[in-house]
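Trainee: Listed here are the chains, written in short residue letters.
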Amino acid sequence: MTLDFSTTIAGVRFKNPIFTASGCAASGKELSQFFPLKELGAVVTKSIMLKARSGRPTPRMAETPSGMLNSIGLQGPGIDAFIEEDLAWLQTQSCDVIVSIAGETVDEYGALARRLRGQRGIKAIEVNISCPNVANRGQVFSCDPVTARAAIEAVRINLGGEFPIIAKLSPDVTDIVAIAREVIEAGADGLALINTLLGMVINPKTLRPHLAGKTGGLSGPAIRPVAVRAIFQVRERFPSVAIVGMGGVVHGEDALELVAAGADAVSIGTASFGNPMSVIEIRDRLSTLIQDHGFTRFSDAVGVAHER
Amino acid sequence: MRQINKAARHTTGRLLSIRKVGTYFHLVLQAEGIAEGAKPGNFIALSVGGDQSSMLLHRVFAIYRSRQDPSHGAVIELIVARSGKGSDWLVAQSEGTLLKITGPLGTSFPLPADPVNVAIVGGGYGAAPLFDLADHLKARGCRVDAIIGAATSSKVFAPLEGKRTVNSVTVTTDDGSAGIQGRVTDVLPEIITRQRIDLIYSCGPMAMLRAVDDIARSLSIPHQVSVEEAMACGVGICMTCVLPMMRGDKVKMVRTCIEGPVIDGEEIAWDEVAR
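Going down the list, the sequences are from chains A and B.
Residues in the first sequence are numbered consecutively from 1, following full-length UniProt numbering.
Residues in the second sequence are numbered consecutively from 1, following full-length UniProt numbering.
Don't read these hints as lab results, they were simulated from the structure.
Predicted, not measured: the structure shown is a model, and the values here were computed from it.
Some hints here could point you the wrong way.
[Said to hold, decoys possible] Chain A regions said to be covered by chain B (calculated; three or more residues, Cβ under 8 angstroms): (1) 50-59; (2) 68-79; (3) 126-132; (4) 143-150.
Beta carbons are placed, not taken as given, at the ideal position from N, Cα and C, and that holds for glycine.
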């Protein structure tokens, strides 16, 4: 009995359901020395902005119980250098690529989408409307139904239907189902659930926030139950929307939890920091577990927790 | 500009021995496939806490020495200071423990082509990788003078075999419990003049590196520093270990796990380094 481990996200087939998480694999080159990138379902790039950005000052990181806070602030080369160098390199790796984008304004989201039209080797666009590391918390597009809708509409109009749109949402909202509804209505083909939660650590010696940026995004197993809950709630309300799940997956068992809650694919983020082979180890373990449960197709396990 | 650590491998290695050296711990790890390619200045990353650990992030350590052991093959030696829960766990492990190791990582100390006069300046456990470097420098005919500083005598890392390698060792401690009371920078200018130092290598706390670089710049002596920034991954994907560095006429936040830890002192934008 062989397992059909493929998955379909918004009409696009991926050979397996394990992806990198945006911001946790740069643009793939660093992990490619440990395994061929084509072993993954997809490489999801760091979120690319219109212009080069140096990010926030240090310290940018604090380890927390079963997790970490980061306040990188979307450091990156900007879309032009990304297309010229990173995307060009990824196109030589025979791997499937999802490009993540982040804008500071609605217009920037549109401009980023326009810039990606006609680029080869892209399977989908992740629209990061939920990065917590911006100077003004009011700029977290996905925390407000109006701005969430506007950002996704700008991408949809400018992308011209060329690639599926995956909207990455923040769990830092009262009702994530309501935000999901807005972005689906605005044209999102899939959802990435969840981005980090906003957190803070105070240094016990200095009695000041440990991070230079004061607040940071909390990731790792500490947030996994939040991810499982968000995926479950959104899947329950939208049975047919594609969901890429993420949030503290370190072992194959964790990935299966997200799949059972309703994730069509699972992204691995923080786990790669402590073990660059995590993605491969999780992929292999998930495949075994799904077969142990008697499934012959991965897709049959998606959302199984909703059955009575 | 380096983009990745080309020689890096991920493997499981055995802790062969662990013993206390002053307030530090000397660890010997079996590291097949990693130790062979390691150069002085490189570092490794370890996972801590076991498979169900609540500590997810890599712990990074400068390589003290890498060598071929007659009975255990390729081994890496580390000098570990207890600095938190991760290192507490590590130094509590017994011989035989299996550890996930990634390395060798980062840049190495560039070696001079000619037999020049070199000063190595180490602060605390930062002295460890400098003794391995000294071996390589001596093999090239360099004169090597070591200046080793620490807060107090139990934090001075100056092993006997290391002391034998170098031409002289000057120890400084803040409290005067060993060597000369004061800082490494109190004795460095005199040694530079007396030994006609052509080149300086340093490794230790950021404030010490900066003070040494001030002296090196004022005397126009090339200075290679090995920095220690907080890292989550060590392999270039987390973007937390960045340091402001001069790139052309601009300051850029550069990953010290890829373009460091060994950096030309002249490239660091010290005024923008977080304190």
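Trainee: Closer than 8 angstroms, Cβ to Cβ, for at least three residues: run that test on the region 68-79 of chain A against chain B and report holds or violated.
Mentor: holds (count 4)
Trainee: Holds or violated: the region 143-150 of chain A covered by chain B, criterion of 3 or more residues with Cβ-Cβ distance under 8 angstroms?
Mentor: Result for this restraint: violated, n = 0.
Trainee: Would you say the region 50-59 of chain A counts as covered by chain B, given the rule of at least 3 residues with C-beta under 8 angstroms?
Mentor: Contact hint for the region 50-59 of chain A vs chain B: holds, 5 residues under 8 angstroms.
Trainee: Confirm or reject the coverage of the region 126-132 of chain A by chain B under the rule of 3 or more residues with a beta carbon closer than 8 angstroms to the chain's beta carbons.
Mentor: Contact hint for the region 126-132 of chain A vs chain B: violated, 0 residues under 8 angstroms.
Of the numbered hints listed earlier, those contradicted by the structure are 3, 4.
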